[in-house]
Amino acid sequence: DQQVKQNSPSLSVQEGRISILNCDYTNSMFDYFLWYKKYPAEGPTFLISISSIKDKNEDGRFTVFLNKSAKHLSLHIVPSQPGDSAVYFCAGTYSGAGSYQLTFGKGTKLSVIP
Amino acid sequence: ETGVTQSPTHLIKTRGQQVTLRCSSQSGHNTVSWYQQALGQGPQFIFQYYREEENGRGNFPPRFSGLQFPNYSSELNVNALELDDSALYLCASSYDQGANTGELFFGEGSRLTVL
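One line per chain: the protein sequences are V and A, in this order.
Our numbering puts the first residue of the first sequence at 1, with every later residue one more than the last.
Our numbering puts the first residue of the second sequence at 1, with every later residue one more than the last.
Fair warning: there could be bad hints in the mix.
Label pairs and their calculated CB-CB ranges [unchecked claim]:
(1) Tyr95(A) / Gly16(V): 34 to 40 Å
(2) Leu11(V) / Asp84(A): 25 to 31 Å
(3) Gly28(A) / Tyr39(V): 23 to 29 Å
(4) Thr14(A) / Glu58(V): 34 to 40 Å
(5) Asp96(A) / Pro79(V): 32 to 38 Å
(6) Gln81(V) / Gln41(A): 33 to 39 Å
(7) Ile12(A) / Lys54(V): 35 to 41 Å
(8) Leu11(V) / Leu83(A): 41 to 47 Å
(9) Lys5(V) / Ala80(A): 44 to 50 Å
Since the hints were derived computationally from the structure, they do not count as laboratory data.
Glycine included, every Cβ here is placed at the ideal spot set by N, Cα and C.
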């Protein structure tokens, strides 16, 4: 049972345009969501997060939107740059776990074309 | 400030063997988590160690075990290796298992191939 789903394995975007990466979740207990970015041969690096009490969080070119009723979140990157080309993982967690037990999606590979 | 380091980076084992993977946490971090990332999948939580005790475990059999040492470094041990254990094993460190920001700092991983 996949609790976090990223239904687009890949996405190609022109440099300067907006990249929108989507993520759906099924576990209603999740109260915190994160996006991680992974380059080849490197570990995932934290990008941005959002608490379930918010519907938007912004950090520079990156914005995450959360729609709790739809159990859907999205990551917007504006403007997209070639250095953003990487695999992006969406993850959910819940405070009752008592540990950093993140549940990840399968990832979306973003390619930003110069 | 040193980041999370893992060793070895690559290794090959045969079915039935045992393997030990090592992780040094980022300076100042007292919590270590281990994740398994199979090909084409997202990282999957194995377990977490906080103050040398396991305080969270994912859906992995007992042949996956771990240790955390007083300096907060950690080991992941896998016994009776199976072909499906072939994966990238990621170690992640954080400060205080209960802070619930969820932000983990990952190492580059250990790529295990089981033949």
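Requested in this report: Give me the numbers of the hints this structure contradicts, sorted from smallest to largest.
Outcome: Hints 4, 6, 7, 8 and 9 not satisfied by this model.
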